[in-house]
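Here are the chains, one letter per residue:
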Amino acid sequence: MSFYETMTRLEQLPYRALWSRYTAEDVKRALRAEQVDEEGLMALLSPAAEPYLEEMAQKAHRLTRTHFGHVMQLFTPMYLADYCVNHCTYCSFSSIYDFPRKKLTLEQVAREAETIAATGLRHILILTGESRRDSPAGYVRDCVNVLRRYFSSVSIEVNPLSTAEYAELRDAGVDGLTLYQEVYHQETYRALHVKGPKRVYRNRLDAPERGCEAGFRSVNIGALLGMYEWRQEALATALHARYLQDKYPECEIGLSVPRFRPYLGEFNPASDVTDRALVQIILAYRLFLPRSGLSLSTREPAALRDHLVQLGITKMSAGVSTEVGGHSLEGGTPQFEISDNRSVDEIAVMLRLRGLEPVFKDWDILSEPAGLA
Amino acid sequence: MQDPLTIGGVTLTSRLFIGTGKYSRNTLIPEVIARSGSQVITVALRRVDPESKDNIVSHIPSHMTLLPNTSGARTAEEAVRIARLARSAGLGNWVKIEVINDQKYLLPDNMETIRATEILAAEGFVVLPYMSPDLSAALRLKAAGAAAVMPLGAPIGSNRGLQTKELIRILISETDMPVIVDAGIGRPSEAAEAMEMGAAAVLLNTAIATAKDPLLMAEAFCEAVSAGRKAFLAGLGPVEETAAASSPLTGFLA
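As given, the protein sequences belong to chains A and B, one line each in that order. Residue numbering for the first sequence follows this note's numbering, starting at -17 and increasing by one per position. Residue numbering for the second sequence follows this note's numbering, starting at 12 and increasing by one per position.
If you're looking for bench data, these hints aren't it; they were derived computationally from the structure. Since we're looking at a predicted model, the values are computed, not measured. Where a beta carbon is used, it is the ideal one built from N, C-alpha and C, also for glycine. Any given hint could be a false lead.
Here are some chain B residues the structure puts well away from chain A; computed CB gaps all over 10 Å [as the list claims (entries may be wrong)]:
| id | residue |
| --- | --- |
| 1 | M12 |
| 2 | P15 |
| 3 | P72 |
| 4 | N170 |
| 5 | T217 |
Below, computed lysine-lysine pairings styled on DSS-like, alpha-carbon distance capped at 25 Å [to be verified]:
| id | chain 1 | residue 1 | chain 2 | residue 2 |
| --- | --- | --- | --- | --- |
| 6 | B | K153 | A | K297 |
| 7 | B | K153 | B | K176 |
| 8 | A | K10 | A | K85 |
| 9 | A | K297 | B | K241 |
| 10 | A | K297 | B | K223 |
| 11 | B | K223 | A | K229 |
| 12 | A | K41 | B | K153 |
| 13 | B | K33 | B | K223 |
| 14 | A | K297 | A | K229 |
| 15 | A | K84 | A | K41 |
| 16 | A | K41 | B | K33 |
| 17 | A | K84 | A | K10 |
| 18 | A | K297 | A | K10 |
| 19 | B | K64 | A | K41 |
| 20 | B | K115 | B | K64 |
| 21 | B | K153 | B | K64 |
| 22 | B | K176 | A | K297 |
| 23 | B | K176 | B | K115 |
| 24 | B | K153 | B | K33 |
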């Protein structure tokens, strides 16, 4: 059994007719439910829920404060290498673009880490392009060995690996895995991933499950919103999260809501995800999975992020650069343009003004004082 | 009224233990402590960052007994490691064992908790294990060296009250160590009820931290715990199925 079987079932649903079938009563029922089921989730994602965004927001806010309190965990991504063998039609790291590629040496990793750690952040998400030659699992492991001197926890966002490779990285101290399916709709997935190993849909879809099997403490998934019809993509993401949470109760399953952003190329997404749609997705995720972490990146503009922090978000990135070595080196190529350029301090001030306490450290598996077994 | 509670050699006059998580600002913590009258405060080691400008421990007055917890641990080994880190970081030798394997409901793993308790009690820690209220597990925790047991009233953060009341009642009646009701208590009346049942203390966080006015709620819990304890000591009157007439009809037979 894999989530692929659920995906196969989902793709056979007559969505056009289905979404319009939901009524205000279905939405109200989902809002009253103690535990929202698949039908309720669909109602919350349907057009019928659009007039109920405020009710959904009130409940999402209450659930978030009950389960997570008035705190917001902060983290930042750190780009290690931008070598990539894939041609994905929406990414600046695509192999078709000609720009000077970079890969940090271990000394540069230390310098980058020192710069980031000075902001107070203790959680880091490390990223690479997909190149088994230039940034294999062994390179990531060596970088983690450097990073553990500076951070309390390290998560990875790299190309899908085998269970054994994930286990090796877990043993090196990696806590969490982030892996976006990008597009759940199979036909669109094939069209957007023109060349390279990333074309293999199933390898990517099953990778979060391999991460759970390998024993990561947290696994974070998401669809790159805007690449296909957002209601279907959000439905697939939420059901994928529920599938993983049911099967691996020891693993913390989180969701992200990245929206498509400008990059080096000309691709324009098929589906325009408006701010209202993004809010509906976040609220539906929160009501369906009340205890799951929800992450918000700097892809979203500052003003919108400031409002979204009250609607179910529990983790957000701060002080972000999407270039390799962007915190301590000059002249990189960003993977995509960010929208919120504020520093970690500025984000912390914004959170406090909204009655939220920024949390810089929320786990500690890496630091090991001398003399302790 | 003198009614101290002694745990691990520390004598407490307040039976309300509180937490440090979920507050909208860490600077609320000292005010909550003052208004609640609490003398024991639990802090998740996962959030302690000695290098931070805003280290959570720096907000806790020195007269408090720190109860570092192993929140985030999923195995006995992780809990043991966290407890040792806490002690080496100067947070004392009390520890609340929290081993949670289930990220959906956040229910404790009693088996792993017993293993961690055995190891840490042998190392001289004052161990207070958070547990599902199960009598066999409580007795094993006692044998393992626990200083008290901390059964849940309802899942963490749920504010659902004493859903496990009957099981807690059994623990209170069948064990001779302090039973501290932890997790689930959402209302002062529920804290009072736990104390009326004979709980030695209650620990709560969400109910105060997420109240509209946390300081007033801290005060309400202080009074409720005190009232519940007094009621327990006073001995509650028996509950009768039918009314007991004050002028019995058969009195003339006496």
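Structure-based check of all given hints:
1. M12: Nearest chain A Cβ is 34 Å from M12(B), so the label holds.
2. P15: holds, 32 Å
3. P72: P72(B) is indeed farther than 10 Å from all Cβ atoms of chain A, at 19 Å.
4. N170: violated, 7 Å
5. T217: Given that some Cβ of chain A is not farther than 10 Å from that of T217(B), nearest at about 7 Å, it is violated.
6. K153(B) with K297(A): violated, 39 Å
7. K153(B) with K176(B): holds, 20 Å
8. K10(A) with K85(A): violated, 52 Å
9. K297(A) with K241(B): Not OK: K297(A) and K241(B) at ~44 Å, beyond 25 Å, violated.
10. K297(A) with K223(B): holds, 23 Å
11. K223(B) with K229(A): violated, 37 Å
12. K41(A) with K153(B): violated, 41 Å
13. K33(B) with K223(B): Holds, at about 13 Å.
14. K297(A) with K229(A): holds, 24 Å
15. K84(A) with K41(A): With Cα atoms ~46 Å apart, K84(A) and K41(A) exceed 25 Å; violated.
16. K41(A) with K33(B): holds, 18 Å
17. K84(A) with K10(A): With Cα atoms ~52 Å apart, K84(A) and K10(A) exceed 25 Å; violated.
18. K297(A) with K10(A): Measuring from Cα to Cα gives roughly 28 Å; hence the hint is violated.
19. K64(B) with K41(A): violated, 34 Å
20. K115(B) with K64(B): violated, 33 Å
21. K153(B) with K64(B): violated, 40 Å
22. K176(B) with K297(A): violated, 35 Å
23. K176(B) with K115(B): Distance of about 22 Å is within 25 Å: holds.
24. K153(B) with K33(B): The given pair, whose Cα atoms are some 31 Å apart, is violated under the 25 Å limit.
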